[in-house]
Amino acid sequence: MTLPEVTGDGPDQIVAPVLDEALRDEARHDEVMSSAATIADPNTRWRRLSPRSMVVRPLTDLVRLLPLLAGLLILHARTGGGLVWGVIAAVLAVASGLVHWATTRYLVTDQRVYLRRGLLSTKKLSVARDRIRTVDITAHPLHRVLGVCRVSIGTGRNDLRLSENFHLDGLTRSDAESLRALLIGQVGPASAGKALPAGQVLSTGQTAPASQVLPAQAPASQDRAVRQADDAGGEIIRLRVGWLRFAPLTMAGLVVLGVLFGTVIQITNATDVNLAASGPVRRVTADYAALPFGERILVALAVAVAGYMVVAVAGYVAVYWNFRLVRDGPDTLRVTRGLLSVRATTISLARLRGVEISEPLSLRAVGGARCAAIATGLHVGRGAEREGSVLVPPAPSAVVEDVAAEVLGAPAKICAGPLERHGRAARRRRYTRALAGAAVIVAAVWAASRAAHWPAWVPIGSIAAFPLAGLIAADRYRNLGHRLADGWLVTRVGSLSRRRSVLGTDAIIGWRIHQTWFQRRQGLLTLTATTAAGQQHYSVRDVPVALGLAIATTATPDLIRPFLATEPAASASSGMTCRPDSRCGRRANRAGRRVSRAAGGGHGS
Amino acid sequence: MTSEGIGAGPMVPGLRTPANRVSKRAISYWTARAVLGAATILFVELGFAWAAKFSVGWRTAIVGTALVLAVHAVIMPRWRYRVHRWEVTDQALYTRSGWFSVHWRIAPISRIQTIDSHRSFGERLFGLANVTATTASAAGPVRIHGLDRGLADRLLDQLAVATGQVPGDAT
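The listed protein sequences correspond, in order, to chains A and B. Per my numbering, the very first residue in the first sequence carries number 36; after that it's consecutive. Per my numbering, the very first residue in the second sequence carries number 4; after that it's consecutive.
Isolated chain A, as found in the complex (with noise of 0.2 Å):
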């Protein structure tokens, strides 16, 4: 990997660009304002995807298409129309590599990144460089067994729809590293928008060799959970053995298990095949049958926790094995996992906001957490963009902070240790919500219990929501609190899911402050800060007034001050409102009036 930019070492190369003319001209003209040479440049021209992305395009499809295909098989099987149903699916299927192949093209220039794809409604694509925040290749083992991946380049737009998201689907591995080399390489701490020239960024920068990336590392060290890592690059921490007993706390086996549930349904039903009436499935259930009552229930729970178990673990490992976080240069983060399907992710320095260390309950009753970045461009949010931002897997608690701490540079107390409490108003406030919540439960199954008459012991048992609610009340009021030292804004609310968010305050561009009928009698409220980053929205919640106020003032001096109130109650909207709706003739735009003055016609007070 010594040439700047990959010029392909197969039949991409041959393949002459052909330009779309419009998005050249597109593409030209951005480039016209930074130097003129750069389209001439022999290294800045459209190039493709691997040939081989032919074959994982059809295979990916008919893999998903699987259980309709069986279906339509065996359904057809009878009629002798099953051979036809089949070829023209393979045929479809073949036809569309094709076309994914030869229609997507992309240009990396010295500004943008250009992406067009599609035959009947083509669609292009392109992003500024700088605005380039991480860079995800993911391969998953029909593409390890062909050598190509997938590469998302993640930008700071939150408004994108699916199609939209920038994507390549079938970059020969040699190909996404320099790629992602070049897109993250370049973006420094301090300035987002400067350029390096793109030989200089891969002679310099600290591209592990594709080999190293992708295939099986070997198995996880036992030594010491965290290393120190060096200035030039080193490894911050990776997966140890003995953090699969984490495996079994965490929701992740039960969305397998759903998964897996689901997976069967669609294919009985694709195929007409009764499972309960089949053999072996018949002969276990009339053994369970025979068995006495206390027995059923014994065996049934065994089978239960032990599936778990096992499915979860395996859930785990696929996930996470050979997972390493790592420092990829001065001013990136890599993190690289997965067993079956692999994924690096890779992410500006820059561009890290914070992190989210989570903790659900049954984590948390054994010392386990997990953290997640809290970056523009990966969402803490749902499915695949979610896994983009985990920066350490369940694992022991002290790991994950330690881990925390070290990767936003941040002192330890910012991401361990206790927070400043919100006060005896915030405390009622958990002991009233959660048993007005257990309240309203325990009168529903009265009430339902009443009219569908169920036998008595259901009520009165369910007064045992009473107590439950008490503790979970008095587990929220233990978590809830904040923290603001060094710039970071540290806000922890929770207790079946505790979550604890450290937000650098220089991302928070902008503040919500909300007060409910309730909150405004007990002189509480809810501060939020908004960011373009990971959830888009922090909360401190239920705080006394004046400590929420001052957190919000400290966190952001200048935009919060000229909002204050300097003076009592009475005299503050008097003398500055500006009727809006009113000419008062004045032109007032002058530089320091108030826009809003001009805006409303200008009006003198």
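It cannot be assumed that every hint is accurate.
Claimed, not checked - Computed from the model, here is a short list of chain B residues facing chain A with C-beta under 8 Å:
| no. | residue |
| --- | --- |
| 1 | Leu18 |
| 2 | Phe103 |
| 3 | Ala142 |
Unchecked claim - Here chain B is said to cover these stretches of chain A; the calculated rule only asks that three of the stretch's residues, wherever they fall, bring their Cβ under 8 Å from a Cβ of chain B:
| no. | stretch |
| --- | --- |
| 4 | 540-553 |
| 5 | 567-577 |
| 6 | 580-587 |
Hints are computed from structural coordinates only; laboratory data are not their basis. Cβ atoms here follow ideal geometry from the backbone N, Cα and C, with glycine treated the same way.
Dock chain B against the given chain A, drawing on the hints supplied.
Below, chain B alone, put in the same frame as chain A:
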């Protein structure tokens, strides 16, 4: 501008009341909306009651909800009008909205990405418009409801000029 009970003073001691009220016509608009919503609910209820042959239970339910909705339609718009305030400085956009629950939003001008004005059919009937300023945060849009239409247009221009002067969006 006299202080008018709720909303005139700062609700949170320490946080200043934004300078500007929304258009007075917003009260009529919100009332109309509340009445329309109430009519829908009552219509559905009447349907159920008709199916149940206007039993005593349904009749009381209808009278009860009608009363509650009527009180809502009278109180909510006026309460809301007292709460809704906005202000644009050359630093930030500052709004207060809500009625039973109150929201304050502060978005720095330098972080505003798009500004748009929208008029629903109802708002057009009352000569109103709302202005929305979005930031790079999906959770950060600041919306000013119930503005006079002409004012909204001018505000839009002003904000466009103001945001154009500050580069970067801090993402």
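Earlier hints that do not hold, by number: none
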